[in-house]
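In case you want the letters, here they are:
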Amino acid sequence: MAEYLILIFQNETDTEPDPQMWQQAMEAHGRFAEQVVEQGGKILGGNALQPTSTATTIRGDVVTDGPFAETKEALGGYYLIEAADLDRALAIGKLCPAPDGGVEVRPILDTSGG
Amino acid sequence: MSVPSSHGAADPSDEVGRAVADAHRQEWAYVLAATARVAGDIDLAEECVQEAYGAALRAWPRDGVPRSPAAWLTTTARRKALDVRRRESTLRRKLPLLVEPETTPYAPDRSPGDEEAGVIADDRLRLVFTCCHPALSREAQVALTLRLVCGLNTSEIAQAFLVSEATMAARVTRAKQKISAARIPYRIPAEAELPDRLDAVLTVVHLLFTTGHAAPAGNKLVRTDLVERAIALARMLLPLLPDEREVRGLLALMLLTDARRGTRVDDGGRLVLLEDQDRSQWDRAAIDEGSALVVESLRGARPGRFTLQAVIAAVHADAATYATTDWAQLLAVYDLLLREWPTPVVALNRTVPLAMVAGPAVALAEVERLERDGRLEGYRYLAATKADLLRRLGSAAEARDAYAAALRLADNEAEKTFLARRLAEVTEVSEAASGQQA
Chain A
1 MAEYLILIFQ NETDTEPDPQ MWQQAMEAHG RFAEQVVEQG GKILGGNALQ PTSTATTIRG
61 DVVTDGPFAE TKEALGGYYL IEAADLDRAL AIGKLCPAPD GGVEVRPILD TSGG
Chain B
115 MSVPSSHGAA DPSDEVGRAV ADAHRQEWAY VLAATARVAG DIDLAEECVQ EAYGAALRAW
175 PRDGVPRSPA AWLTTTARRK ALDVRRREST LRRKLPLLVE PETTPYAPDR SPGDEEAGVI
235 ADDRLRLVFT CCHPALSREA QVALTLRLVC GLNTSEIAQA FLVSEATMAA RVTRAKQKIS
295 AARIPYRIPA EAELPDRLDA VLTVVHLLFT TGHAAPAGNK LVRTDLVERA IALARMLLPL
355 LPDEREVRGL LALMLLTDAR RGTRVDDGGR LVLLEDQDRS QWDRAAIDEG SALVVESLRG
415 ARPGRFTLQA VIAAVHADAA TYATTDWAQL LAVYDLLLRE WPTPVVALNR TVPLAMVAGP
475 AVALAEVERL ERDGRLEGYR YLAATKADLL RRLGSAAEAR DAYAAALRLA DNEAEKTFLA
535 RRLAEVTEVS EAASGQQA
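Top line first, the protein sequences correspond to chains A and B. Heads up: the first sequence begins at 1 in the working numbering, then just goes up one per residue. Heads up: the second sequence begins at 115 in the working numbering, then just goes up one per residue.
Just so you know, the hints here were simulated from the structure itself, not pulled from any lab data. Honestly, I wouldn't trust all of these hints.
Keeping only pairs whose Cα atoms sit at most 27 angstroms apart, straight-line, the calculated BS3-like set for lysine-lysine is [unchecked claim]:
# : chain 1 : residue 1 : chain 2 : residue 2
1 : A       : Lys94     : A       : Lys42
2 : B       : Lys530    : A       : Lys94
3 : B       : Lys530    : A       : Lys42
4 : A       : Lys42     : A       : Lys72
Calculated from the model, a selection of chain A residues having no Cβ within reach of chain B, i.e. all distances over 10 angstroms [as the list claims (entries may be wrong)]:
# : residue
5 : Thr13
6 : Gly46
7 : Ser53
A virtual CB, placed ideally from N, CA and C, is assigned to each residue, including glycine.
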């Protein structure tokens, strides 16, 4: 088994999500969690992030307001998953809810082998 | 030995050299694919296969060319790979290539007993699907296929694609690293993914063919080696994927197109249009083989895009002259192709039979619609097609502008010479016309 990070990129909206949309999103992620297991994978961790307007960037010792890279679609959340290989990880990535955006699947570098 | 000698007493070492070269050209994919499974790592497999070919050059003059060079080479390469793995067994390979022993309709895994009996599982499909994995860029897929499946070295691949050897080496290395680091599995896709995954493989093979056939730059119109490699790849895939009609369609398309190779350029290296080609010089054997394959690949419902393109090539091959080409049938096939594969390039090519059936004015309107669409901006054949239609409609001045635009976009000598000639012709006509007006 190998580990992959699924990065969820989405257009950020200025408006607060209404409770109904929030509910739908929560349900979609709940279903996703079940599907990962059906795909033979495992969720090791994951979180949703506050919008990039709350981000603070530090380069060297300069602290600035805003995200590290200004992009149209911003990192909005992530999952750390375990999957047998890239094909399985991609199958899981395809199921990950990311309306109005997409996901990036990145293998975790194994630093334990030295 | 498959290569007969013309002399009575052939030099035996020469004969061995040829046998090794033949085995390199024909069996590389088989040997590497079978070795990768044991090596568990593409780089190690490549190294061991190289060494096996080196060992053949030493052993075969002494022991004779084995009955099955592929089996000999595979056994030798696998033994080397096992030795290395045993030596490194304490030092776990950091980035293993994933080998998944799964059964598929196309490559039923053999039991270990078979391998002991000298039958080595044919892993060529695993190798091809790994090289053409959708997580790799098209450029990387092409480079890896040439390197790992065809056995070309980096310098040869770099030359074929007109990039520096360093650039190509970096591309190959990056792709191999991604296979290891992201764990792209060494396996044949499951049935559900097969159509998409196979399409990627066929696209790569076709891209090799068109790169060799049209040679986008440089002064040689046909880079024969790439064309032959592409055809050989399709021939290799055909028995491995016997139920996939598009494999057959692609092979047919390439054979039918390549049958015209000898007539596409004249003795002076100038491009000869289909209209003016000497049809008696077309390769009849290739046309017959291609046509038979088209018939087979058309069996069943909904032919795919390669099959439909092969039908188009077959209609051209069937016509005794350009004038007697069945343009109405061609247009009908293009309509099917456009439905199956709705790209602006197909829509542009469709304007050729459209001009013959409905007249150049109708075709020109369609070309102009495609021009406004914008997706073909900078595509050299759009300007060339437009120029030709304008010329046929007698709009010499507009044709001149379009030929000039096409000439600016062309980058191979044969096409440039042709477009420059046409440009000179229409310029003369348009100047004569404006002279009359004055």
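These are the hints, each one checked on the structure:
1. Lys94(A) with Lys42(A): holds (15 angstroms)
2. Lys530(B) with Lys94(A): Violated. Lys530(B) to Lys94(A) sits at ~46 angstroms, over the 27 angstroms cutoff.
3. Lys530(B) with Lys42(A): Between Lys530(B) and Lys42(A) the Cα gap is close to 58 angstroms, so the pair fails against 27 angstroms, i.e. violated.
4. Lys42(A) with Lys72(A): violated (30 angstroms)
5. Thr13: Check passes; 30 angstroms lies beyond 10 angstroms.
6. Gly46: Given a closest Cβ separation of 20 angstroms, the condition holds.
7. Ser53: holds (33 angstroms)
When each numbered hint is compared with the structure, violations occur for hints 2, 3 and 4.
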